[in-house]
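Make a model of the complete structure from these sequences and hints.
The listed protein sequences derive, respectively, from chains A and B.
Just so we're aligned: 93 in the numbering used here is position 93 of the first sequence, and the numbers increase by one with no gaps anywhere.
Basically the numbering used here = 1-based index in the second sequence + 1000.
Derived by calculation from the structure, the hints in this document are not laboratory data.
Predicted, not measured: the structure shown is a model, and the values here were computed from it.
Glycine is no exception: its CB is placed at the ideal position from the N, C-alpha and C atoms.
Be a bit skeptical, because a hint or two may be false.
Cβ-Cβ distance ranges computed for the label pairs, FRET-style [claimed, not checked]:
1. B/Glu1020 - A/Gln9: 31 to 37 Å
2. A/Thr77 - B/Thr1076: 40 to 46 Å
3. B/Arg1081 - A/Pro81: 42 to 48 Å
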Amino acid sequence: TQLLEQSPQFLSIQEGENLTVYCNSSSVFSSLQWYRQEPGEGPVLLVTVVTGGEVKKLKRLTFQFGDARKDSSLHITAAQPGDTGLYLCAGFGTGGSYIPTFGRGTSLIVHP
Amino acid sequence: GAGVSQSPSNKVTEKGKDVELRCDPISGHTALYWYRQRLGQGLEFLIYFQGNSAPDKSGLPSDRFSAERTGESVSTLTIQRTQQEDSAVYLCASTLYTGDWGYTFGSGTRLTVV
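This is how it looks when you write it as structure tokens:
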């Protein structure tokens, strides 16, 4: 079983602060995704990273896939209250797996 | 439809009763997935459908859980003789085809067993 550990579990910050959340595993993934989930809603896909060392930017969000494809990070610059939510990472195993393994998520609250 | 639609959005049921949850995927999406999300937990894979192929049931936690899908349309997840540990949010997702990474999730059904 491939496990994804996310840290921190909870994060409470003020508007304008920067933050980084992490997704780590001992397993190699062919690709990794980040989702944001708001209360009462399903997860919404933010990004998919597929190449070791890849960096993708989505406005104030920067996603990085580790060189060994075992870990990833999400950095948010100048956080806003609208960034509040549960951030989930999900990894697809090697060998053509089509069912991703999800981490437990990082719950982020950004206070105005 | 424009998105994945799930119903009901909330369901409260008594222990021992059967419940049926419905998922209507995005039109044209051939792959459909059911997940369970318990409080403070990640998403737990339950079952996967791809077109008319046999479903992948490897994630179903017990024989009280079953799901059906007719072709590439609506899917229903049935939980028989519900237990309190079945309380969770049940999420459905669809993709255009197997191997497509563009998962679109519905808003889920929050099931509470009392």
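Hints breached by this structure: The structure breaks none of the hints.
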